[in-house]
Amino acid sequence: MAEILVYGAVISAIYAMLAVGFTLIFGVARILNLAHGSFYALGAYGVYALTADAHLPLFLAAPVAVLLVALFGVAVERVLVRPLRRSTLAVLMITLAVALMVEQVLLLIFGSEARNVPSMVNATFHVMGADVSGQRLLALSGAIVILSGLWFFMQRTRLGSAILAISQDAEAAQYMGIPSDRIYSLVMGLSAGIAAAAGVLVAPFQTVIPGMGLLPLVKAFAIVVVGGLGSIVGSIVGALLLGYTETIIAFKISIEWSQIVSVAAVLITLILRPAGFFGKRAAF
Amino acid sequence: MRQRIVSLLAAGAAVALAGSWAGAAFADEKPILIGITTAIQVQVGRDCVDGAKLAIDEINAQGGVNGRKLQMAVADEGEAAAEGPKTGIAAVNKLTGEDHVDVLIGGYDSGVTLAELPHISRAKTIYLGIGSASPAIQQKVKDDYEHYKYIFRVNPINSAKQAKGLLDYITGMLKGELGYKRIAILGENAKWVQDMVPAMKTGAEAAGLQVPIAEFFDVQTADFSPIFAKVKESGAQYLMIILSHAASDVFVKQWYDAKVPVPIGGIDVKGQDANFFDRVGGKAISEVSTNFVLRAPLTPKTIPWWDSFVKAYNRAPVYTASGGYDAVYIYAGAAKRAGSTDTDAVIKELEKTDYMSARGRVQFDDLHEVKDGPGFVNELFVQWQQNGERKVIWPKDVANGKMIMPPWLVQN
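Protein chains in written order, with my numbering: chain A, 1091 to 1374; chain B, 98 to 509.
Note that these hints are calculated values from the structure, not bench results.
Just so you have them, the derived chain A footprint on chain B, three or more residues with Cβ under 8 Å:
#1 131–144
#2 308–315
#3 319–327
#4 347–360
The calculated lysine-lysine pairs, modelled on DSSO-like cross-linking and capped at a C-alpha distance of 30 Å, are:
#5 B/Lys433 with B/Lys468
#6 A/Lys1342 with B/Lys356
#7 A/Lys1342 with B/Lys380
#8 B/Lys398 with B/Lys408
Using N, Cα and C, we set each Cβ at its ideal position, and we do this for glycine too.
In isolation and in its complexed conformation, chain A is listed as follows (with noise of 0.2 Å):
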């Protein structure tokens, strides 16, 4: 009963921490980003190979690796999203293109075997009667400091208010002088960077391969339908949910049976409540 409550609770938190970036960009900007899932391999492999190739200690390998994906994910939105923008399947595509590509690019220089990240913490503590390894307990603070930092930065500052009024009704917020371009690149650097940050976090005790930005992909697409595409909030209860539901079939019933959830969870949100549970209207 701990170890569900304890895993549950790390399993939901990069699952937030996916989702967020994901909808936080959709709800903002209306760009469904297919690539989400590679900015979260380019930060594991960004702390790999600034650990491994370039020899920095590894508390400074991660800010610089989630730093350097946000800086790419503004030049995606830049370059190649924005002159598409207008067309949603444009976008579908152009992000999908993205993500093949960063694959490859990652099997080219990596090659397809896993790769090795440290542990930022290498101790095991006891919570709760459960013995959890210092990494995940570290994944878990460090996605609820990033999710309260990011609730602070959206509620709190004049910024993180501009991105609010954009996402309400970009073209009012035009006109109140909010430069909606100059968001909508923030926004993506933002996801980009909350997506890369998990991907740091979990690359020590998760497979780093060239396509593990795949299920994290179909992971933050089944939460933000189920929580509603688009509501923070939404996909923080909808990461929960999934997070928890998994982690209960994976020790009461069999790890097999827990990838069902999300695909399970997704249909029966379309057919009872295609909005989801925090969405305004439905997305699709």
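Dock chain B against the given chain A, drawing on the hints supplied.
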């Protein structure tokens, strides 16, 4: 002057004639083409290619086979977990249909190999398997010899026989030497494992052990903590694993990080990689994995072969390296004895193979399956120990080290 022109023309004609003759002779001496079909993105695939290349270079340096040089053509079979069997089938069809290879050597995933078999049989090309372990592959030879006589398995010994080896380790080492009473069995959900887990469970229970957990998991699984929690809760004293395509790296790291109070061992194909210990930051300490070749005096050939591979490629080989190397020599020997590369003649000679390899003596049974047991190829239980050193701990007669426990169990 005229005479000079005539003699020049005559000389020219003679040279041209000689040239065309030489050309004809060269055409007869076209190289024997060896097709390698394997998953070249992973270590087992690269080592198959490099092992075969080493053998080809050695044979060519000694003058080739029947006066012909050996040449290699490689096609990528893909990673089965990601791509399924389609890439493997395309690789076989390319090598047989376009390159017209004389023999195919390779294989890694049994599901892929099984899907390739009808294509290999249709192309009437000899196939020397060096990586896939499912018994269903060689069963085809028994079921329909005429169609599948082309299929041989040089390496490894099949999964049913490997299961027997695992059972021997369970009863001899775990129960006999360590006195364990409860073990858990965990296998990836892949073709070659599906028959193994139930057989091991039945065998272990028949030997008087309790098996509270015998489960499969998907090869894409990235979080093993629920499994470790279950194993811990079950009171199992040892966790037997069967992994090949799954993420062994992550499995071992999560096991070490959570300090799971149960030692692990069994078949971990990626755990056989020479760089595995370093790749997981030393977290494979005390993990036991089966292997077929190691730098130990298994046969008089083992250490010299191991050293020549390391010298050529600057890394230690995995089991498919010796498979690829041996397969080339076995084919070359059969072609030499047959005096040609005629498929049927070579098959007859392959069936009579008696070859001393670095892994043990290679002979084929009626199913064209490599024989195992004392004197033949053996399944070795090899443990990762301090500083990434590897020791054979079972079977007893070839062991060169003692079993160690995970560090957190020693301290307790």
